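Chains as they are written, first to last, in my numbering: chain A, 293 to 654; chain B, 37 to 592.
For the record, the hints were derived by calculation from the structure and aren't laboratory data.
Where hints are given, some of them may not hold.
These stretches of chain B come out as covered by chain A in the derived footprint (C-beta under 8 Å, 3 or more residues) [stated by the list, open to error]:
(1) 50-63
(2) 202-216
(3) 229-237
(4) 253-261
(5) 419-426
(6) 449-456
Just a sample of chain B residues kept apart from chain A, beta carbon distances all over 10 Å, derived [as the list claims (entries may be wrong)]:
(7) Phe147
(8) Ile267
(9) Phe279
Keep in mind it's a predicted model, so treat the numbers as computed, not measured.
Every residue gets a Cβ at the ideal spot worked out from N, C-alpha and C, and that includes glycine.
For reference, the chains in residue letters:
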Amino acid sequence: MFFSLEMPVADLATGPAVLCGACGLTPGVSGAIVHSTPRLLAFVFDQSSTSIFAPQGTPARSIFGLSMLVLAICSVIFLIVAGLLLFTLVRYRHRRGYTQREPAQIYGSTQIELSWTVLPILIVVVLFLATARVIFVTQTAAKPSNALDVVVIGHQFWWEYRYPKLGIVTANELHVPVSDPTQPMPTYLTMSSADTDHSFWVPRLAGKMDLIPNKVNTMWIDPEKPGLYLGQCAQYCGVQHAKMLLRVYADSPGEFSAWIKMQQQTASQTPTAAAGRAVFEANACVNCHTISGTSAHGTFGPNLSHVGSRDTIASGAVPNNAKNLRAFIDDPAHFKPGVLMPAMHLNQHDLDAVTQYLTSLH
Amino acid sequence: MATQIQVTVSPALRRDWLYHVQDWVTTVDHKKIGLMYIAYALIFLVIAGAEALLMRIQLAVPNNTFVAPQTFNRLFTMHGTTMVFFVGMPILFGFGNYLVPLMIGARDMAFPRLNAFSFWVAAFGGLLLYFSYFAGSGLYGAGTAPDVGWFAYAPLTARVFSPGHSTDYWTLSILISGIGSIGTALNIVATTLCMRCPGMKLSRMPLLVWLYLVVSGLVFVTISPLTAAQIMLLIDRYLGGHFFDTQAGGSAVLWMHFFWIFGHPEVYILVLPAFAFANEIIPVFSRKAIFGYPAMVAASVGIGFVSLSVWAHHMFTVGMGAGPNAFFTFSTMVISVPTGIKIFNWLATLWGGNIHFTTPMKFAIGFLFQFLVAGLTGIMLSVSPFDWQLGSSYFVVAHFHYVLVGAILFMIFSAFYYWYPKMTGRMLSEKLGTWHFWLFIIGFHLTFDFMHIPGILGMPRRIYTYEADRGWEIWNLIVSSGAIFQTIATLIFVYNLVASYFKGEKAGPDPWDAWTLEWSTSSPPPSYNFAIIPTVESRRPLWDRKHPEEPDAHYE
Chain A
293 MFFSLEMPVA
303 DLATGPAVLC
313 GACGLTPGVS
323 GAIVHSTPRL
333 LAFVFDQSST
343 SIFAPQGTPA
353 RSIFGLSMLV
363 LAICSVIFLI
373 VAGLLLFTLV
383 RYRHRRGYTQ
393 REPAQIYGST
403 QIELSWTVLP
413 ILIVVVLFLA
423 TARVIFVTQT
433 AAKPSNALDV
443 VVIGHQFWWE
453 YRYPKLGIVT
463 ANELHVPVSD
473 PTQPMPTYLT
483 MSSADTDHSF
493 WVPRLAGKMD
503 LIPNKVNTMW
513 IDPEKPGLYL
523 GQCAQYCGVQ
533 HAKMLLRVYA
543 DSPGEFSAWI
553 KMQQQTASQT
563 PTAAAGRAVF
573 EANACVNCHT
583 ISGTSAHGTF
593 GPNLSHVGSR
603 DTIASGAVPN
613 NAKNLRAFID
623 DPAHFKPGVL
633 MPAMHLNQHD
643 LDAVTQYLTS
653 LH
Chain B
37 MATQIQVTVS
47 PALRRDWLYH
57 VQDWVTTVDH
67 KKIGLMYIAY
77 ALIFLVIAGA
87 EALLMRIQLA
97 VPNNTFVAPQ
107 TFNRLFTMHG
117 TTMVFFVGMP
127 ILFGFGNYLV
137 PLMIGARDMA
147 FPRLNAFSFW
157 VAAFGGLLLY
167 FSYFAGSGLY
177 GAGTAPDVGW
187 FAYAPLTARV
197 FSPGHSTDYW
207 TLSILISGIG
217 SIGTALNIVA
227 TTLCMRCPGM
237 KLSRMPLLVW
247 LYLVVSGLVF
257 VTISPLTAAQ
267 IMLLIDRYLG
277 GHFFDTQAGG
287 SAVLWMHFFW
297 IFGHPEVYIL
307 VLPAFAFANE
317 IIPVFSRKAI
327 FGYPAMVAAS
337 VGIGFVSLSV
347 WAHHMFTVGM
357 GAGPNAFFTF
367 STMVISVPTG
377 IKIFNWLATL
387 WGGNIHFTTP
397 MKFAIGFLFQ
407 FLVAGLTGIM
417 LSVSPFDWQL
427 GSSYFVVAHF
437 HYVLVGAILF
447 MIFSAFYYWY
457 PKMTGRMLSE
467 KLGTWHFWLF
477 IIGFHLTFDF
487 MHIPGILGMP
497 RRIYTYEADR
507 GWEIWNLIVS
517 SGAIFQTIAT
527 LIFVYNLVAS
537 YFKGEKAGPD
547 PWDAWTLEWS
557 TSSPPPSYNF
567 AIIPTVESRR
577 PLWDRKHPEE
587 PDAHYE
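Using the sequences provided together with the hints, build the complete structure.
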């Protein structure tokens with residue numbers, strides 16, 4: 293096999309080099325390509341927090357390796373065919389003083405036509421074998437016993453995350469453990485939707501997978517470095533499809549167990565926020581939201597038990613601070629026109645109290 | 037050489053506009069129906085182009101508020117639906133209607149009245165779609181256009197997620213225009229099989245006609261599941277059915293299968309006529325016979341069949357599992373083989389020729405380069421793991437616009453410059469044509485080359501705005517700036533169409549020194565096309581007539 297998945301494609305600078313060598317370019321040509329392209333590629337594609345060409349997990353990395361092979365083959369085909377075309381246009385352009393009445397008429401040639409039928413077939417076979425390998429390695433990977441299970445449920449226009457073995461329900465900010473390549477600890481996502489179709493796409497971790505009502509899909513991620521990985525819903529799901537953002541936090545083992553511990557606690561009962569809790573429980577909030585340890589058990593909207601610990605609200609649309617939270621409760625459509633939460637029409641006093649209460653829910 | 041028969045209309049009647057209206061409304065002449073198809077498609081092209089322009093203004097900068105989210109969602113739904121069903125299909129059927137009988141030496145289509153019916157039904161479908169802007173919310177609300185996207189995935193179309201009537205307008209207009217498409221396809225198949233002039237065996241039929249035969253066959257096979265799906269959707273929405281209603285056990289994936297078994301061959305329904313134009317135009321301006329006619333026919337028929345087995349490559353991310361993903365990857369890759377044969381045969385046709393860079397040829401050459409790129413990005417997308425990243429991103433949007441604009445629209449422009457003299461008797465201005473070409477190609481590449489990049493950087497399609505911190509801003513600004521060039525170029529083109537009708541240079545029957553039968557009759561052709569039905573002995577009857585010493589018949 294000229295191209296192996298296990299090949300360590302370390303980063304953008306060496307990936308194309310290895311692949312160009314592997315797919316049989318002469319050293320001179322591939323050298324020239326390799327020395328200029330990666331830097332240019334890196335300049336364009338490393339600027340973005342959501343670039344598919346800056347992989348940070350196994351599925352994204354194997355796709356990236358395959359992509360480079362496909363890109364190399366397609367570029368070579370393009371250069372050859374476009375070059376021939378350009379040459380033909382220049383060489384056989386009509387010139388002044390063309391004396392013949394018409395050029396020689398050629399109706400075809402079986403040998404030539406056979407050659408440009410067989411050659412593409414060979415390329416297709418090579419491409420298909422390389423592709424099939426990645427498909428099966430990614431989609432039929434055996435699930436390790438230490439894998440973390442998370443249930444992902446798509447809603448118009450937010451994400452619900454459930455950790456069934458840990459008893460945690462949260463929303464919009466997915467926390468997973470970082471997966472050390474020497475001791476892999478992947479996270480398996482079991483996905484479905486509560487309403488319309490959605491798609492989970494965090495480009496630096498893996499390809500996308502759709503969340504479809506009445507259907508259960510699975511995918512897995514294994515972020516290699518701690519940090520925040522961004523993405524967003526990639527299947528049109530309604531008015532606010534654009535603001536259904538994804539945030540995946542890859543936590544170090546210490547951080548992750550601390551986060552679990554915090555999430556497993558009952559929502560905090562700060563005495564100073566008791567007024568806000570009363571307002572929350574006396575209003576329609578409880579129909580859609582859950583806050584553990586209170587009378588709020590709604591499931592249409594995000595679970596708010598620890599909403600104060602999140603960095604953002606409205607599915608990543610705005611930073612989570614008292615000002616934004618207050619504005620969102622007052623009129624959710626201000627940030628997200630078309631959001632399903634109605635304006636609550638609370639008076640100023642109640643609005644302040646509820647904001648203070650929600651901010652206290654760490 | 038054709039004998040002219042004069043049908044006299046009194047001068048007073050000629051001045052009466054009602055006479056002309058009645059003449060066009062009641063016509064069953066394939067040429068007039070063809071022209072009406074083309075005119076109607078051009079109007080929708082301008083409307084849907086304006087929708088695209090509004091979307092690009094909205095996306096030029098991040099967090100823009102130029103249009104509301106709901107408005108944006110309606111814009112992309114209407115843009116896609118209009119361009120596919122009410123621009124692409126009718127304009128190609130228009131050229132087919134006009135050219136097929138002329139190129140096979142027939143006096144009309146096999147079923148002239150069915151032809152008129154098909155046109156008026158399709159035209160009504162387009163009007164119905166846009167009527168939603170006035171009536172989409174029903175009797176008591178203001179109008180709203182559909183906002184479910186052009187492939188209208190279930191369950192977004194269920195009544196609970198899509199109240200009011202906007203989705204009904206979408207469904208019904210597509211259902212109705214589908215009836216028109218089936219009628220026209222039936223007509224083209226019957227015409228090509230039964231109405232060819234003496235001597236025109238299938239193996240001598242112009243490649244354009246061959247491709248229209250394949251297209252019509254595809255229309256039969258693919259419009260049927262689409263129509264069935266629309267009826268099922270209506271049953272869901274009004275008769276309590278649960279085909280796609282996931283809240284009641286229906287299947288969203290079922291809709292995807294129904295839609296894409298139509299939707300992917302639909303791409304070929306649109307692109308094969310573009311190949312058809314290229315097959316006629318490239319040889320004439322290279323002054324050579326098409327290279328490898330039998331292979332071109334085989335490749336066209338092959339594409340037709342293979343295109344029916346690739347639909348689920350639109351569904352690599354819906355969780356079909358590894359086996360189906362591998363199968364559809366393979367079938368999709370296979371289609372690149374016959375497509376490659378076509379590109380190489382065009383290249384070989386140019387090779388050794390005497391290439392004249394007229395406006396139609398310039399657009400055809402643009403088509404060749406752009407179709408090459410579109411094919412290669414198509415191969416990238418066929419690699420299903422690559423598609424898990426690129427699917428539903430702006431890379432896909434760039435890819436299919438490379439096909440639809442870079443290949444198909446370029447060949448449609450080429451066809452306009454090439455056959456306008458036949459249709460009107462006057463040449464389009466070459467000077468304006470050159471401006472049109474260069475401005476359009478600059479705008480096209482600014483827009484659609486750079487559109488690939490935000491897709492690679494993780495920008496999904498169908499979002500009305502985007503965050504400022506993702507590195508997408510500069511690319512979107514460049515993409516939007518290209519739209520300005522394309523708009524100006526299109527306006528020049530429309531002006532050229534109108535102005536040249538009145539002031540264009542007289543064309544004569546055969547301005548390009550071409551070889552197929554339509555150029556043997558006057559421009560515009562009389563209503564009966566040919567006073568005497570021609571007899572042909574080769575694939576290029578006019579070549580034989582112009583070169584009696586060395587006719588094609590000796591070499592085929």
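Checked hints:
1. 50-63: violated (count 0)
2. 202-216: n = 0 at 8 Å, threshold three: violated.
3. 229-237: Coverage by chain A is violated for the region 229-237 of chain B (0 residues, Cβ < 8 Å).
4. 253-261: violated (count 0)
5. 419-426: holds (count 8)
6. 449-456: violated (count 0)
7. Phe147: holds, 35 Å
8. Ile267: Nearest chain A Cβ is 21 Å from Ile267 of chain B, so the label holds.
9. Phe279: Fine: 12 Å to the nearest Cβ keeps Phe279 of chain B off the interface.
Checked against the numbered hints above, the structure violates hints 1, 2, 3, 4 and 6; every other hint is satisfied.
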